[in-house]
Amino acid sequence: MKQHLFNHWSEIKYLKDIVTNPLIEVGEYSYYSGYYGDQNFEDGCVRYLWGDIQSRELFNPIEQYGWQLDKLIIGNYVCIASGVVILMGGNHNHHSEWVTVYPFVEQLEQSYEPKGDTVIKSDAWIGMNAIIMPGVTIGEGAIVAAGSVVSKDVPPYTIVGGNPPKEIKKRFTDSEINMLMEMRWFDWDRKIIERAVPLLSSSSIEKLFDFYNSEVK
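Under this note's numbering, the residue at position 217 of the sequence shown is numbered 297, and the numbers go up by one with no gaps.
Note that these hints are calculated values from the structure, not bench results. Each hint should be verified, as a subset may be incorrect.
[To be verified] Below are the DSS-like pairs computed for lysine-lysine, each with C-alpha atoms no more than 27 Å apart in a straight line:
(1) LYS151 <-> LYS246
(2) LYS250 <-> LYS232
(3) LYS287 <-> LYS246
(4) LYS287 <-> LYS201
(5) LYS297 <-> LYS246
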């Protein structure tokens with residue numbers, strides 16, 4: 081009988097506790113809620129990224145080929161739902177401008193092209209079964225709706241959905257977003273955040289800004 085990675089849909093795993101891949105950088109309190117997908121984060125949610133234990137045992141493209149490999153960079157307090165797929169740079173050897181897209185072994189060293197780091201910034205929420213394409217940056221506080229296929233950058237505090245994703249709405253006004261980007265609450269000391277939880281769990285950005293000015297700035 082298969083051993084499930086998660087015991088219940090309410091269970092989360094903090095990325096800091098489970099990530100071993102040196103090409104994945106994760107912030108504090110970011111988590112993966114993977115019950116329904118029942119996939120390992122490093123080799124299920126994240127795909128085609130060299131650096132997990134198994135791939136390190138098989139080959140080393142940095143030493144063997146001199147490749148500059150893309151990284152996955154995740155900020156603080158990021159929420160990643162079950163079934164999310166983050167496509168990375170391990171298979172960028174297919175060239176649409178060549179006669180064939182087939183990656184012949186003899187051409188692997190020359191054919192690799194990095195796509196750039198994939199960045200999920202702090203306080204973003206990636207909905208169930210969303211797909212994040214290589215080299216994308218998802219801004220602070222952004223929400224990616226379930227089932228979306230994200231192939232372009234997502235601005236901060238913006239909700240997007242669909243394939244290709246379209247902007248559904250900004251979460252707040254421009255002035256409120258400017259305040260949030262100045263405060264960057266997710267970078268505060270944890271003890272200060274705990275004091276601010278009632279404000280963070282409300283819609284009053286101005287009151288949070290007052291707290292920031294008096295207690296943080």
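Each hint, compared with the structure:
The suggested pairing of LYS151 with LYS246 holds, with an alpha-carbon distance near 26 Å, which does not exceed 27 Å. Between the alpha carbons of LYS250 and LYS232 the distance comes to roughly 16 Å, so the proposed pair stays at or under 27 Å and holds. With a C-alpha separation of about 31 Å, the suggested pairing of LYS287 with LYS246 is violated against the 27 Å cut-off. A C-alpha spacing of about 24 Å is found between LYS287 and LYS201, which places the hinted pair at or below 27 Å, so the restraint holds.
The suggested pairing of LYS297 with LYS246 is violated, with an alpha-carbon distance near 35 Å, which exceeds 27 Å.
This entry does not satisfy hints 3 and 5, going by the numbered hints stated previously.
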